[in-house]
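So the sequence lines, in the order shown, correspond to chains A and B. Going left to right, the first sequence walks through residues 1 to 491 as the numbering used here numbers them. Going left to right, the second sequence walks through residues 1 to 491 as the numbering used here numbers them.
It is possible that some hints are incorrect.
Pairs count within a copy or across copies, as identical chains cannot be separated in the list.
Unchecked claim - Cut-off 30 Å, straight-line C-alpha distance, at most; resulting in silico cross-link-like pairs (DSS-like, lysine-lysine):
(1) 457 to 446
(2) 457 to 14
(3) 488 to 446
(4) 446 to 14
(5) 389 to 14
Hint data in this document are derived by calculation from the structure and do not stem from the laboratory. Keep in mind the model is a prediction, meaning the values are calculated, not measured.
2 protein chains.
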Amino acid sequence: MNQLPWQQVRNPYKPVEVLSDDQVEAIHQAALRILEELGVEFMSGQALDLLAAGGAEVERPGGLVRFDRGLVEESLARVPARFTMTPRNDARALEIGGDAAIFGLVNGPPFVTDLDRGRRDGNFEDYRNLLRLGQSLNIVQYVTNQSVAPMDLPPESRHLDCYQSILTLTDKSFYATAVGRDRVEDALEMVALARGETREALVGRPSIFSVINVNSPRRIDGPLSEGLIALAEHGQPPVVTPFCLMGAMTPVTLAAALAQQHAEALAGIVLTQLVRPGTPVVYGGFTSNVDLRSGAPAFGTPEYAKASMAAGQLARRFGLPYRSSNANASTSVDAQAAYESMMSLWGALMGGANMLHHGAGWLEGGLVASYEKVVLDAELLQNMTEFMKPIVVDEDSLGFAAMADVGPGGHFFGTQHTLDRYETAFYAPLLSDWRNFEAWQEAGSKTATQRANAIWKRLLAEYEPPPLDEGRREALEAYVARRKESGKLAA
Amino acid sequence: MNQLPWQQVRNPYKPVEVLSDDQVEAIHQAALRILEELGVEFMSGQALDLLAAGGAEVERPGGLVRFDRGLVEESLARVPARFTMTPRNDARALEIGGDAAIFGLVNGPPFVTDLDRGRRDGNFEDYRNLLRLGQSLNIVQYVTNQSVAPMDLPPESRHLDCYQSILTLTDKSFYATAVGRDRVEDALEMVALARGETREALVGRPSIFSVINVNSPRRIDGPLSEGLIALAEHGQPPVVTPFCLMGAMTPVTLAAALAQQHAEALAGIVLTQLVRPGTPVVYGGFTSNVDLRSGAPAFGTPEYAKASMAAGQLARRFGLPYRSSNANASTSVDAQAAYESMMSLWGALMGGANMLHHGAGWLEGGLVASYEKVVLDAELLQNMTEFMKPIVVDEDSLGFAAMADVGPGGHFFGTQHTLDRYETAFYAPLLSDWRNFEAWQEAGSKTATQRANAIWKRLLAEYEPPPLDEGRREALEAYVARRKESGKLAA
Chain A
1 MNQLPWQQVR NPYKPVEVLS DDQVEAIHQA ALRILEELGV EFMSGQALDL LAAGGAEVER
61 PGGLVRFDRG LVEESLARVP ARFTMTPRND ARALEIGGDA AIFGLVNGPP FVTDLDRGRR
121 DGNFEDYRNL LRLGQSLNIV QYVTNQSVAP MDLPPESRHL DCYQSILTLT DKSFYATAVG
181 RDRVEDALEM VALARGETRE ALVGRPSIFS VINVNSPRRI DGPLSEGLIA LAEHGQPPVV
241 TPFCLMGAMT PVTLAAALAQ QHAEALAGIV LTQLVRPGTP VVYGGFTSNV DLRSGAPAFG
301 TPEYAKASMA AGQLARRFGL PYRSSNANAS TSVDAQAAYE SMMSLWGALM GGANMLHHGA
361 GWLEGGLVAS YEKVVLDAEL LQNMTEFMKP IVVDEDSLGF AAMADVGPGG HFFGTQHTLD
421 RYETAFYAPL LSDWRNFEAW QEAGSKTATQ RANAIWKRLL AEYEPPPLDE GRREALEAYV
481 ARRKESGKLA A
Chain B
1 MNQLPWQQVR NPYKPVEVLS DDQVEAIHQA ALRILEELGV EFMSGQALDL LAAGGAEVER
61 PGGLVRFDRG LVEESLARVP ARFTMTPRND ARALEIGGDA AIFGLVNGPP FVTDLDRGRR
121 DGNFEDYRNL LRLGQSLNIV QYVTNQSVAP MDLPPESRHL DCYQSILTLT DKSFYATAVG
181 RDRVEDALEM VALARGETRE ALVGRPSIFS VINVNSPRRI DGPLSEGLIA LAEHGQPPVV
241 TPFCLMGAMT PVTLAAALAQ QHAEALAGIV LTQLVRPGTP VVYGGFTSNV DLRSGAPAFG
301 TPEYAKASMA AGQLARRFGL PYRSSNANAS TSVDAQAAYE SMMSLWGALM GGANMLHHGA
361 GWLEGGLVAS YEKVVLDAEL LQNMTEFMKP IVVDEDSLGF AAMADVGPGG HFFGTQHTLD
421 RYETAFYAPL LSDWRNFEAW QEAGSKTATQ RANAIWKRLL AEYEPPPLDE GRREALEAYV
481 ARRKESGKLA A
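With the rest of the complex left out, here is chain A (with noise of 0.2 Å):
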């Protein structure tokens, strides 16, 4: 099976602009105006306390917001730049910003799917198996804590046994729940016993993080606020998020949706500030549409494309690493899930995205996780990472030499240079399949999905969890324990 190296992504190429910088600088405005004179709705007390000490325009109650745009450009300018992600294993650690891109799993589906089972609720053994997947695929590089939700495990108990799993399954960065403080606590103190530390310890070194949806318009609920503040507590990034679909939580427009966008996300990011300045923080886009005669969302789009470039000119227009998704609305996985995932991919990584969320798996407008599309976006973000290896042009690559060598007409098979360059010129792809007609035709006529049913069977047959020290696996299951059994977890 044909897998790239462990790595750390970079792209080399300058972003795509949709904007112009006067266009980026309007939305920059409008969404300062949409800061200062509607403002941003917090649900928890907590949050109000801290943006009041801070010196926001609290209004209480209703827990409106209202930020003016000194309060902004000083929390933007806290914000660093990039940062690293370091798991339970070091050798792990990938950097987040800049030129650096990191891919995750798919995270939040009810459903499950695959070829064999069809369409399913979650279930921890499912769950378990995406994880083992996440950890066998070098080019998904942190794993998610509801890469489909365990429907059959109570919800209060549930993200321990997720985090359990993670940190025996796996040994990548991982996506905690950021749903309360709880959440947030239970995942830092289990990944300090896996690490063999105390929590204390973790803090300012990222190794989970959480995204913080805005539930747009205009409002960070409770639990998820809570979540923020953990997690900048921490020195853990929040994920800033605001979810837009245009036309029913923005309006319709995409300038509108930036404007909006863009102000939610600093709401957001300002509140990490006050909780800890200079904590590190991602500037969430997830700007769609939705079918206006339906109200359906749809992703991977056009607009999506578009207003995930535009996202990726306003966070780095103020030095945030910024976040996007590999999003589809395509209930099966074929052409469909195929080109609106491309569309996704290349609207994010051509914009500058340094995080790349719901990376492999995601299927149905996120209401599903499918094992074959796991391994379909596998391909596509191979793809995509040798896309970004940069060209070499030298005297050996320009090979003039092995040209004068082959005259008109002839063919370099056989040449010195072909056959010293033979194993590695190329991408060897995961699930491409180049042979001939015939020969395909022999092989059973397989299509790409088919074919990465075969691939997932293998990958689950062959996996080997990564190595964890005993005691440190016996830690976990105690902490485990003692948490459910200690009657303070939240609903």
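Given chain A's structure and the hints, the job is docking chain B onto it.
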């Protein structure tokens, strides 16, 4: 059925630069050295005479031609940066060059396929159906003489039947065959008849064009050399396109392939300017890799996307209109066909391509024309076209008042700002299905490929030929009959 209107596609974005300016210069210098020291073989006495008279160093016998850099640079300076293609229907005129692009139907496959009838030899009936699809789809802006090869017609007169079909079933610009002078002149005679003009009146008014493939490495065969000369004489643009499979027709490194491609393209371009200074010509890029284990060609790979963008930089460096392709190597219209095509399209269009050859219908490395792929590609081309529609940022689109009307956590479905823009706010897809799982399942759980099957059937059922004056139709018939009876058709 949702289609974008017939339109002039323009790319408002700065193309992606995968090469530094220094690298572009190094590749150009390497190409000049290839032209000066190694040369390019032309297998046509007429071409050799023109090249010798123009100052190139011609080796006879053998036909190897060496070009000094002065001759190359002088020729490049004469090429127009843009031109307009005007087919028999003036309303279908479209610009090529600068920020303007044009998309075409597949050309060349010996086989044809669809979901119902499977893969079969190319034939005249399928050829005519592909033309009807090309005419019906607005985003397919030019059609082709061999969208599939009609193997059931005699090779020496096939082009006459194809031109007649093009000029009666469509009113778009077309790709003529340039294998020898006669096939070019027949195309021009027939376009003139369809327009009610003389062939001489078409000189300098591009209406047809053809790809002049270089038999890389460094050879342009006799019939294509003569086709190039015939096109250039009439001011119809040759598209000089080296066929550079790295590791086979060029050295295995991307830098060498680009240098060789550049040298070969420049050799052909010099000849066009010796025929008729200032005649339009397109710089064609077609560099991809092979699977070095099997020798099978691969398309839509990461290397292919980089090569497309790099070739765009080389073409723009000299103000040349640039041709790329929508290629893939998949054997079925599946996720692989979609993602490889997307790699090709992003590479081409964000590489600044002005002409996208094989834009719709190309499958299996170009061996097969697929009905379903025509529809899938039309969706991809529409997606890219919408992606290239600039974002509007002004007071109205920034929608501050609309935002002020909707409180935190509210929604924008029923607001006036949304209602006013309801119909046209977003791209409405041709093929994508955004319904929820239950609705999709009730409609038969169809993949995008199965839906594409229903779409082409509907397009064919609803097809209507564009108007053509009866006298001109008869003149075309009479021309074809006369030529077939002449006994002067070359095999």
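We went through each hint and held it up to the structure:
1. 457 to 446: both (15 Å within a copy, 25 Å between copies)
2. 457 to 14: Neither: 38 Å inside a chain and 43 Å across chains, both beyond 30 Å.
3. 488 to 446: neither (51 Å within a copy, 48 Å between copies)
4. 446 to 14: Neither, since 38 Å and 39 Å both go past 30 Å.
5. 389 to 14: Answer is both; intra-copy 13 Å and inter-copy 20 Å each pass.
The earlier numbered hints that this structure contradicts are 2, 3, 4.
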